[in-house]
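Visitor: Chain by chain, the residues run as shown.
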Amino acid sequence: MVRTKIVYRLIGMFLVFAAMITIPLTFTVISQVNKMIAEEEAVRPPENQEYEKMHHAFSSRLLEQIIPYSFYILVMALMLSIFLSRKMLVSLKELQRGAKSIMDGDLDVALRVTGDDELAAVTRAFNEMAASLKEKTVDLQKKNTYVDAMLDPLWIVDEMNRVTDVNLAFTRLFGYSRDEVIGASIYDFFDEQNASVIRNQLNDRTEKKTASIYEANIITRDGSPLPVLISGAPIIVEDRVVGKIGIFKDFREQKEFRSEIERSRDYVETVVNSIEDQLLVIDKDYRIVTANRRALEHVSGSPAGQYCYSVSHDLSKPCWAEGHECPAQNVFLTGKNFRTTHQHSGPGGDKRFHEIVATPIKDVSGNVTQVIELIRDVTDRIRHEEEIFLKNRELIALNSIAGLLSRSLRADEIFMNVLDRMIEMIKMDGGGIFFIDEVKRDMVCQYHRGISDEYIRMMGRIRMGEDIPGKVAVTGQIMTTSDISKDSRIERSLMKHSGMKGYCCIPVRGKERIIGVFCLFSFK
Amino acid sequence: MSLSRYFPGVGLVLLIALFSSALSRVNASFDALVVSIIAGILIGNLFTRHDSLRSGIEGVISVLLPAGIALYGTQVSLSHMHGSLILFIFLVFLALFGLTLLLARVFNINRKTAILLASGLSVCGATAVAVISPLIGARREDTSISIISLMMLGLTGMIFYPIVNDIFLLSRGEFNFLAGTTLPMMGQVKVAAASVCPECVDEALKIKFIRISFLLFLVTAAIFLSDKEKKKIRVPWFIIVFLGGAIIVNTTGIFNSFLDPLKTLSGFCLSAGLAAIGYYVDFDAVIDEGITPLGVLFLAWGVVILMMYFIRNIF
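Chains as they are written, first to last, in the working numbering: chain Z, 2 to 525; chain C, -4 to 310.
Don't take every hint at face value.
[What the hints assert, rightly or not] Okay, derived cross-link-like pairs now, SDA-like style, lysine to any residue, Cα gap no bigger than 20 Å in a straight line: (1) Z:LYS6 <-> C:ASP46; (2) Z:LYS6 <-> C:GLU136; (3) Z:LYS94 <-> C:LEU41; (4) Z:LYS88 <-> C:ASN103; (5) Z:LYS6 <-> C:ASN103; (6) Z:LYS94 <-> C:ASP46; (7) Z:LYS88 <-> C:GLU136; (8) Z:LYS88 <-> C:THR43; (9) Z:LYS6 <-> C:THR43.
If you are wondering where the hints come from, they were derived from the structure by calculation, not from laboratory data.
All chains, please: the whole structure from these sequences, using the hints.
Guide: And the structure:
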C-alpha cells in the first residue's frame, strides 16, 4: 500500500519531523500569546467590547494563519528537500539501475559517480565490482563456451548424485532438455544393472578420490539405451569431494566395431581351428604367440608363451643352435617363405614326417615381426610316395626286362641283362642269380656281377636252406639285410667277411615252384 | 463501455476535492485548489498507484479539468479594467513565457519541458501544464518536473509576496498586479492576496482570469514551438467556452444570478482536476531532470519581477 522507495521514506520522515516541530511550536506560540493578552488585560483591562473582542480574536487569527502557512512551508520545504537530496537519490537510482542491469545480464554497466560522499564510494565500489564480475563472467562464459563446444556430453553431479549442470552436447546426444536434467538423480538415467555399475564406480571414486573410466548404457529421452564410455572424476575442494564430473563418449560406433572385431576374430579363429594342419605363430624370441586347436592337441596346456623348440622338439635351445634346420629362423633371416619337411618322432616313437611352411608376418616397415608356421603331417604321403617310387622302379625293371625279352630269347643274355638292370636300378654294387638243382638239393650261381670268378667258385654253390639265398629258395620270402657281416642268418664265414654290407635276396618263381634266387649286394 | 472502471479514480479525486473544499471553508488560507494538488501529489507519491484508479483519474483530467477552466470564463470581469492594464498583463505574460523559453534553451532543458514550464509560469500553473502536455506530446517526466517546479515557485511566491508587500510598501493595485500576473496557480494568487487584504483577492483574481484567457494564444504558441511533426492547430473546446462565457458575462447579464453557483462548480471541477493532475506527478522526475528546471523558473520569475520593479520606479 505505502510505497517503500527511499525518497518516500524521506518524505514520510520529513513530514513526521516537520509535524513534530510545527505542532508544538504553534501551540506554544498561541499559548504564549494568550498568556501575554491575559497579562496585558490584567494590567490594563480592555477599554471597550470591540477592543476586547479584537484581543480575544487575535490568537485564533494567529492560529488560522500559522496552520495553513506552516502547511505550505512544509510542502515547499519538502519539495525543496527532494531537489536538494537529488544527488543522493541519483546515486541510489544509479545503483538501482546498475543492480538491475547486472541482474539482466548487462555487465558493461558503469555508473556515473557524483560527488565524493559515501554513496559515491559505494558507486565506485559497485563499478569495480561490476568490472570484476564482468571479467570473471567473461572467463566463465569462455569456459562455458569451451564446454558447450565439446562434442562429448558432460555432466556435473553434486554430493547427492543430482545433476547440477550439463553441456549442450549432453542435450543433443541424449535428447533431454537442460531443465529436465538439472536436479534429477543420475540413477534416473540408467537401468538397474547399469545403475549398480555407476553406484560402485561413484562410491569407489569418492572413496579413493581418483578418476575412472567405465562403460555403461544411458537411457535416452526416447527410452532407448545408448552405450557410452564414462570418464568420471571427483571434484575436490579442500580435500573434500563436493561433486563429480562425468564426460561421456558415444560408444555406439566403437561397440559396433568391437562386435565386428569380435565376430571377425571368432571367424578367423573358426577358420584357423578348422585347418587340419597345425598352425603356430612364433615371435622373434621363438615364443609361440598363438596356436590353433590342432596344434593344441599335440601339446599339454596352452603353448602360448612357450618356446617353439621346447614344444615341438623338446629342446632347451633353438633348433638351429643344435645344428638343425629351423624354418622360423630362415624366415626371420630371409624375410621370405620357407618350406621344408622334417622328420619327427610320433607319440609311439614311430617316424612322422611333417611338412612345414613358414610365412613371415611383416610390420608396416617391412620388418618380419612374427612367423606363421603351418605344420602338416605328411607321413602317409611320404610313404605313399616311397611306395609309388618303388612300384615305379619295379615297373621300370619289369619294363626293362620285358624289353630284353622282346629283343632276345637267349637265356644267358637275358639273365645277364636283367642282373645288370637290377644292379643299376637299385644302385647296388653287384649281384648274382642262383638256380636250384633239384637233384642235388643245392643252388648254383650261374650269373654274377661285381664279384670275382674265384669267389664264385668258392661260394657259387649253396645248399638249400643255407645262408640267406638258401633260406629264400626254401621259404620263397624276400630277405634283406643292412649289414651282412652281423646278420645271424649268414652261416658261412667267407660270405660274412666278403666285404659286402647291404644284401637283398629275391626268389625267382617259375611255374608253381621256385626255380632260383636273385641276389643283390652293396659294399656300403 | 463499463462506467464502473471510472468509479475508483473519480471517487478518489472527488474525495480529495471535497476534503479540500471543506478545509477551505474551515480556514480560508487553505485554498481548495492548492490543497487539492498538494494532496494529489502526496497521495500519488506516498501510496502505490493502482491501475484501477487510472481510468477515473484520466477521465477527470480530460473532463472535469477542462470543464472547470471553461466555467471560470464566467468569472472573468473586465469592469473597472483599463485597456492598458490588460496590455501590461499581456506583456508580463509574454515576458514570463519568452524568458523561460530562452533560459530553458540556455540551460539545455528539453523543448517540451521548456514549453510546459513557460506555459505554467506565464498562465495558470498546473492547469496550463495539464492542458498543453497532451497537445505537444510531452512525457510524464516532463509534466511532473514542470508541475513540481511550478508548485515550488508558486508556494514560494505565495508565502513571500505578503512579506515583499510589507518590505516594499506596495500599493494594493501593485500587489494585486504582482500576484495576479506572476503567481502560476489561481489558488496561490488567492492565498497570497487574502493574506494581504480580503479585498485584494477579487482584484488579483480578475487579473489572473485575464491571464487564463491567454491560454488561447498559449495553445497556438505551444504547438508551434513544439517539435511535433504534425503541427495542427486545434483550439480546445474549453478555451472557446471560457472566452464565450467571459464575453457573455461582460456584455450581458444573463448569468448574473448563476455566477455564484457557477463559481463554486468551476472551483470544485478545477479542484478535482488539479487533484487528478497532482496524483500523477512523480517525484522521481526530480531525480531524472534535476534542479535546472526549477532554477530556470526562479531565474525567469526573478528577472521579470526585477523588470517590473525597475519599470515601476522609472514610470
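Visitor: With a cut-off of 20 Å on the C-alpha distance, tell me whether LYS88 of chain Z and GLU136 of chain C pass.
Guide: The hint holds at about 18 Å.
Visitor: Would the pair LYS6 of chain Z and ASP46 of chain C pass a check requiring their Cα atoms to be no farther apart than 20 Å?
Guide: Since the Cα atoms of LYS6 of chain Z and ASP46 of chain C sit roughly 19 Å apart, the hinted pair holds (cutoff 20 Å).
Visitor: Does the structure keep LYS6 of chain Z and ASN103 of chain C at a Cα separation of 20 Å or less?
Guide: violated, 29 Å
Visitor: Between the alpha carbons of LYS94 of chain Z and ASP46 of chain C, is the straight-line distance 20 Å or under?
Guide: At roughly 24 Å apart (the allowed maximum being 20 Å), ASP46 of chain C and LYS94 of chain Z break the hint.
Visitor: Check the hint pairing LYS6 of chain Z with GLU136 of chain C against an upper bound of 20 Å on the C-alpha distance.
Guide: holds, 17 Å
Visitor: Would the pair LYS88 of chain Z and ASN103 of chain C pass a check requiring their Cα atoms to be no farther apart than 20 Å?
Guide: Distance ~19 Å between LYS88 of chain Z and ASN103 of chain C Cα, so the pair holds.
Visitor: So if I understand the rule, the pair passes when the alpha-carbon distance is 20 Å or less; does LYS6 of chain Z with THR43 of chain C pass?
Guide: Holds - the C-alpha atoms of THR43 of chain C and LYS6 of chain Z are around 10 Å apart, at most 20 Å.
Visitor: Below or equal to 20 Å on CA atoms is what counts here, so check LYS88 of chain Z against THR43 of chain C.
Guide: violated, 24 Å
Visitor: Tell me if the straight-line CA distance from LYS94 of chain Z to LEU41 of chain C falls inside 20 Å.
Guide: holds, 18 Å
Hint check: violations occur at hints 5, 6, 8; the rest are consistent with the structure.
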